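Participant: Listed below, chain by chain, are the residues.
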Amino acid sequence: MTAADAAAPARTDLAIPPRPRTWPKAVVVGAALVAFTVATTIPAIGGVEIDLASIARNWTNGLDRIGQMLTPDLSILPRTWQPLLETLEMALVGAAISAVLAVPLSLWAARPTNPNGVTRRAVRFVLNVVRAVPDLVYATVLVAMVGVGTLPGIITLILFDVGIVVKLVSEAIDSADAQYMEAGRAAGGNQTQINRVTALPQSWPAIASQVLYSLELNVRISAILGLVGAGGIGRLIDEMRGFYRYDALGTIVLEILIVVIAIEIASNLLRKRLR
Amino acid sequence: MTATATTASATRLAIPAKPRRLAVRAAGWAATVVILLAFWDIDLEWDKIAGLPADLAHYGALMFSDPNWSMLGEAALQTWRSVSMAWIGAILGVVLSTLLGIPAAQGVGPAWVRLPLRVIFAVIRAMPEVLIAILILTVTGLTPFTGALALAIGGIGTHAKWTYETIEAVPPGTAEAVRASGGSLVEVIRWGLWPVAAPELMSLALYRFEINVRTSAILGLIGVGGIGAMLTDYTQHREWDTVGVLIIVVIVVTMVIDAISGAIRRRIMEGAKVRGVERQH
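Residue numbers (the numbering used here), protein chains in the order written: chain E, -17 to 257; chain A, 83 to 363.
By construction, these hints were calculated from the structure, which means they are not laboratory data.
Just so it is clear, the structure is predicted and the values come from calculations on it, not from any experiment.
Ideal placement from N, C-alpha and C gives every residue a C-beta, glycine not left out.
All clues given are correct.
Away from chain A, derived, C-beta distances all over 12 Å, residues of chain E: (1) 3; (2) 85; (3) 97; (4) 157; (5) 159; (6) 160; (7) 172.
Straight-line C-alpha distance at most 25 Å; calculated BS3-like pairs for lysine-lysine: (8) E/254 - A/243; (9) A/243 - E/149; (10) E/254 - E/149; (11) E/254 - A/100.
Sequences are here, hints too, so could you generate the full structure?
Facilitator: The structure is reproduced here in structure tokens:
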């Protein structure tokens, strides 16, 4: 520093420009955040009542439950195999059906593969609406419609998966290199031919990767779908919770943990290969 | 195809054989078999599937042909309760995840801190929020506060992971400069990492809120209140015209919040549009 300064022939005064005045804006943004936060904590208008006293009073309850869960009752294991298998099958079937549905829909929702703005926006809008409804809300309503069982669960998973897979894949197609498609168009192909011969082979890795991701999420979701009667191991969770069998609950949670982490690892390995 | 014909006299352009990729094919067949087995074993009620379109049309008409708009006020109150849960849960969750996530980043905390933290994050990631809420409600009861706490703790799993991944993706130059001029660990974090990572982290925090808005509706199903609880009640009483209103409210609120939050996130990540100023880098 000093060496460079000394070497400079003619000294000019380097005036440091004044710091930009950012604080008025920071104050406004901060005040807005604080106001919103305060508004969310007023029970009278529906906000959350922050009840620290109950934590001080009852925290031992929570520790007891966690203690019970940490000493799992393994005698429940034989009863869990069938529901666990059902959960995995639901996840797999849901992912498979949604993969089939997602391929044409993604091509439909991406700009390079569907130049028609009207149908593209229509597909995107419908999928935005589908994505805006949380998974268990679908399950609750569908169970009331078609009855208890795996069917409402699978439909829930399909709706959920199609929503995210199509969003992620169509975004991948949007940002992908469109040169092949241009070549296809220059060679005189129509849109269907271009999509089939250029866009589709180019997007398989993205589709496969997102379907695997949705399978991961499915295992997690289908584990709790049973809470509302949509099949799988959640049914057992609900039952054990009703009997306050937290030691059995610990076993089930442990099982879900192992399965979810195993599938996550397997899917990560596969997805690395796909890139 | 015609191109090969014209140049055939000079050189024969043989198209190379397609790669066989036996392993990929075997994996594909294995996956197909497993999926077919799942279909066969899962005991799909085919008679129900046949009646499905008619069912959906029937209930769809019940829900949306004449929605019971008089419930809108109650629905708005419960929605605000859900949004509050999501917001408080996001604030608590983001603060906890930032505090836990920074030491879990490579180059910040030592290995004996990093690895246990990452295991904890992975365990929480695998736990559905509903289960976390079932545990917490033994402490704070069936209240929206339970929902907020469940969202906060459940959020740590993914959010802390995003936090340390963001910190690790920060180019090491600034942190190194602070260290070289004698900065302590805290000073490295404050001046080397935080200014670079902050926009991304804030954007992720807003994204956490968007996710929480969806999840808070789910938590309502176990009875912590909000729009999810209301929806369960009316579904169980099969008051479909009200259920229709509630579903419309959920969709509109979620999409509006996503749009606002998305706009703010873009503003944070891309900065303000520069007007009338010649800017060099």
